[in-house]
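Novice: What follows is the residue order along each chain.
2 protein chains.
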Amino acid sequence: MNFYLNTMQTDREKKEMLYPHVSVDCVLLGIDNEQLCVLLVERRNAGTGKTEYKLPGSIIFETEDLDEAAYRVLNEATGLKRIQLKQFRSFGSPTRTSKKEDAAWLERAYAMKIGRLVTIAYLALCKVRKAKPEQKQGVVQWTPVKKLPHLPFDHKEIIQEAIKEICAWIEVEPSIVFNYLPSLFTALQLRRTYEVIYDKELDVRNFHKKMNSLPYVVATDEMEKGVAHRSARFYRFDKVKYNQLYSKLNKI
Amino acid sequence: MNFYLNTMQTDREKKEMLYPHVSVDCVLLGIDNEQLCVLLVERRNAGTGKTEYKLPGSIIFETEDLDEAAYRVLNEATGLKRIQLKQFRSFGSPTRTSKKEDAAWLERAYAMKIGRLVTIAYLALCKVRKAKPEQKQGVVQWTPVKKLPHLPFDHKEIIQEAIKEICAWIEVEPSIVFNYLPSLFTALQLRRTYEVIYDKELDVRNFHKKMNSLPYVVATDEMEKGVAHRSARFYRFDKVKYNQLYSKLNKI
Chain B
6 MNFYLNTMQT DREKKEMLYP HVSVDCVLLG IDNEQLCVLL VERRNAGTGK TEYKLPGSII
66 FETEDLDEAA YRVLNEATGL KRIQLKQFRS FGSPTRTSKK EDAAWLERAY AMKIGRLVTI
126 AYLALCKVRK AKPEQKQGVV QWTPVKKLPH LPFDHKEIIQ EAIKEICAWI EVEPSIVFNY
186 LPSLFTALQL RRTYEVIYDK ELDVRNFHKK MNSLPYVVAT DEMEKGVAHR SARFYRFDKV
246 KYNQLYSKLN KI
Chain H
6 MNFYLNTMQT DREKKEMLYP HVSVDCVLLG IDNEQLCVLL VERRNAGTGK TEYKLPGSII
66 FETEDLDEAA YRVLNEATGL KRIQLKQFRS FGSPTRTSKK EDAAWLERAY AMKIGRLVTI
126 AYLALCKVRK AKPEQKQGVV QWTPVKKLPH LPFDHKEIIQ EAIKEICAWI EVEPSIVFNY
186 LPSLFTALQL RRTYEVIYDK ELDVRNFHKK MNSLPYVVAT DEMEKGVAHR SARFYRFDKV
246 KYNQLYSKLN KI
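Chains as they are written, first to last, in our numbering: chain B, 6 to 257; chain H, 6 to 257.
Simulated from the structure, these hints should not be mistaken for laboratory data.
It is possible that part of the hints are untrue.
Any copy, or any two copies together, can satisfy a pair, since identical chains are not distinguished.
Stated by the list, open to error - SDA-like, lysine to any residue: derived pairs with alpha carbons at most 20 Å apart:
#1 K205 with L153
#2 K91 with E170
#3 K215 with Q249
#4 K214 with L250
#5 K105 with V222
#6 K118 with F66
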């Protein structure tokens, strides 16, 4: 360790490297038009003049805790304050900032040379409509995760990891899925929501069997109205039954 | 943002603050003598001459990814390489390094002034015996989490959060518990392991009922030998049955 520190002391550039910058990045996921989407912010590349996209993010400020920085970024991008952000992973590979275009953008945006950049990634699920109103950080775009444009740094990897994290999260806390649905929903709507998040087609018969076995998905007496096809039954999510089940499950 | 950056540029001290240091800290938990313990490393306080304790940790090196730094710290503290470390949370409150004694220690240890310090915390469960052999980073101590000595920074908070994380992890992946047990174990051993991790007494009758309902805890024909009390039956953990169950559970 001493060897390393002594080397550091002698060389200004290397010393800068030993002080990495720390940023937060927010992956906001939502379902739009039956596609899993992520919120991206536009940035104008002053060098090329082109419009580029990135995750909403920022270097942390001097007096901010990490969570505070993440909520500031969320608010700047969406105008929202109340969404629950979950810190899910830090990304700090020395190669994150190795692309020339990314290093150049960082230097312009922050008016200083930035070598190493460790980012703490946050995750939130939100309804697409909710996150549109105010856009303090520039234009925001809900972009299908399957049609991502070129993104800087490791933002694609961060988005992929966030999706994995959400799938794992849903297995532990299936109630998350119901945030995406209206209070009354059809079996088709529920299945499509799962299909979009998991990115795979589900067998219709197995899905119905499984859905009917879930005590917290309750059939109502109401049916779809004014549809051309055979009208489907509405279901609702029963939070009380859900909590009862999950307070017992897996616990010794 | 420009306001902030301009302020930063003018003042050397503040500029240092904008370059926080990034460290990793490892919370290694194990069960020793029927107590949940955490591995602490000793450090000699050059100022007071006293021996103090801290989590094994280090500032990340220039060419290291975060995981690499964490495995280096693990290896330095325990000689082990193969334990699975899980990155679980970053801690970056501006007040982390506000105690004078901590700032003074950092300055001595790293031969430079360190203001803000963001740490990425890792977690591992290990058998206490395993982690003793080699101690490259100084003396290590398995210390009961209920009898922690004075610790620097927010290390107590990090340990508490790691324990919460483990309890949540066990509910999703109960197999973790069986890593702590010999391949043949009694119901008492299993119950005590849960009690130690969850830090609560479990009702014996309910525990047996629950244990018998778990398809992956399988009774064997073998019984304890040479014990003064009535000899107890040995159980084993059936990984195949476990995987079958968990591949179905909670999944649509």
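Novice: Decide, hint by hint, whether the structure agrees.
Specialist: Structure-based check of all given hints:
1. K205 with L153: So K205 and L153 pass the 20 Å test inside one copy only (18 Å; across, 48 Å).
2. K91 with E170: For K91 and E170, both the intra-copy (10 Å) and inter-copy (14 Å) Cα distances are at most 20 Å.
3. K215 with Q249: both (18 Å within a copy, 17 Å between copies)
4. K214 with L250: Close inside one copy (18 Å) and across copies (17 Å); limit 20 Å.
5. K105 with V222: Classified as neither: same-chain Cα gap 51 Å, cross-chain 55 Å, threshold 20 Å.
6. K118 with F66: both (17 Å within a copy, 19 Å between copies)
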